[in-house]
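With the sequences and hints as input, model every part of the structure.
Residue numbers (the working numbering), protein chains in the order written: chain S, 67 to 155; chain W, 656 to 799.
Keep in mind the hints are simulated off the structure, nothing from the lab. For glycine and all other residues, C-beta sits at the position ideal for the given N, C-alpha and C. Careful: at least some of the hints might be erroneous.
[Stated by the list, open to error] Okay, the calculated beta carbon distance ranges per label pair:
#1 Leu700/W / Ser153/S: 36 to 46 Å
#2 Leu113/S / Val755/W: 42 to 52 Å
#3 His729/W / Ser131/S: 43 to 53 Å
#4 Met144/S / Leu780/W: 32 to 42 Å
#5 Ala150/S / Gln726/W: 23 to 33 Å
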Amino acid sequence: MASDSLKLYTAIYVALLALASSKYLFFHTLPFGYWQAFAATMIAASLKTGLIVGYFQHLRSENRSLTWLMALSFGLVMLLMAAASFSIT
Amino acid sequence: MPASLPGLINTFVLLTSSFTVVLALVSSRRRNRKGLMASIGATILLGLTFLAIKGWEWHHEIYDVGITLTQNPHGPPIQATIYYVTTGLHGIHVIIGLIVASFLFVRAYQGYYLDDHRPVEYFGLYWHFVDIVWVFLFPLFYLF
Chain S
67 MASDSLKLYT AIYVALLALA SSKYLFFHTL PFGYWQAFAA TMIAASLKTG
117 LIVGYFQHLR SENRSLTWLM ALSFGLVMLL MAAASFSIT
Chain W
656 MPASLPGLIN TFVLLTSSFT VVLALVSSRR RNRKGLMASI GATILLGLTF
706 LAIKGWEWHH EIYDVGITLT QNPHGPPIQA TIYYVTTGLH GIHVIIGLIV
756 ASFLFVRAYQ GYYLDDHRPV EYFGLYWHFV DIVWVFLFPL FYLF
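So this is what it looks like as structure tokens:
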């Protein structure tokens with residue numbers, strides 16, 4: 067399979083380690099404010115998730131319709147969470 | 656809020672276990688029995704390491720800091736319950752994954768999954784899901 071490149075997987079792994087470290091650095095070493103660090107961390111987390119889903123769970127090499135399905139599910143869950151948060155505050 | 660360093664180490668441990676699970680799939684596709692056993696074995700060891708660190712953390716929180724499921728002398732009780740329930744549920748999923756991985760390890764030893772890689776692939780999908788959950792749990796409990 068074209069996506070069976072060990073080199074690519076290793077590069078993804080190193081990128082994931084770097085992103086994980088960055089989250090820690092945002093809060094502990096770098097001069098970020100709390101909400102800036104929060105935003106940067108959420109972006110790093112989303113990038114990590116994108117890499118894991120796309121390459122380790124090989125969504126990229128699956129049918130495009132699956133990506134749309136996942137995106138729809140994610141969107142609906144976010145909507146549900148927003149609605150639930152609204153109703154309890 | 657628990658100390659960040661054990662959480663960061665656990666993040667590296669789980670990320671590496673996700674990598675080894677990908678290596679398991681590659682080994683399976685390349686019909687490499689030894690590589691398959693080594694990578695599944697590494698995944699299991701890393702998963703056990705994660706649980707060990709988590710166990711140490713819980714032990715520290717409960718016995719040294721005094722925060723249990725029912726009482727929190729350091730803040731609102733809901734913080735403690737959310738922490739234990741969420742990390743506990745995540746831990747249960749890790750344990751379930753390790754049971755499945757052990758089964759796969761035995762089968763790999765017996766020579767399976769060299770023609771049909773699908774069980775290894777599907778276990779990998781589950782394990783990556785567990786990893787993704789931790790990607791968000793780590794900042795939520797250790798950084799925010």
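Hint-by-hint comparison with the structure:
1. Leu700/W / Ser153/S: 36 to 46 Å: holds (44 Å)
2. Leu113/S / Val755/W: 42 to 52 Å: Violated, at about 28 Å.
3. His729/W / Ser131/S: 43 to 53 Å: holds (49 Å)
4. Met144/S / Leu780/W: 32 to 42 Å: Given about 22 Å between the Cβ atoms, the range is violated.
5. Ala150/S / Gln726/W: 23 to 33 Å: holds (27 Å)
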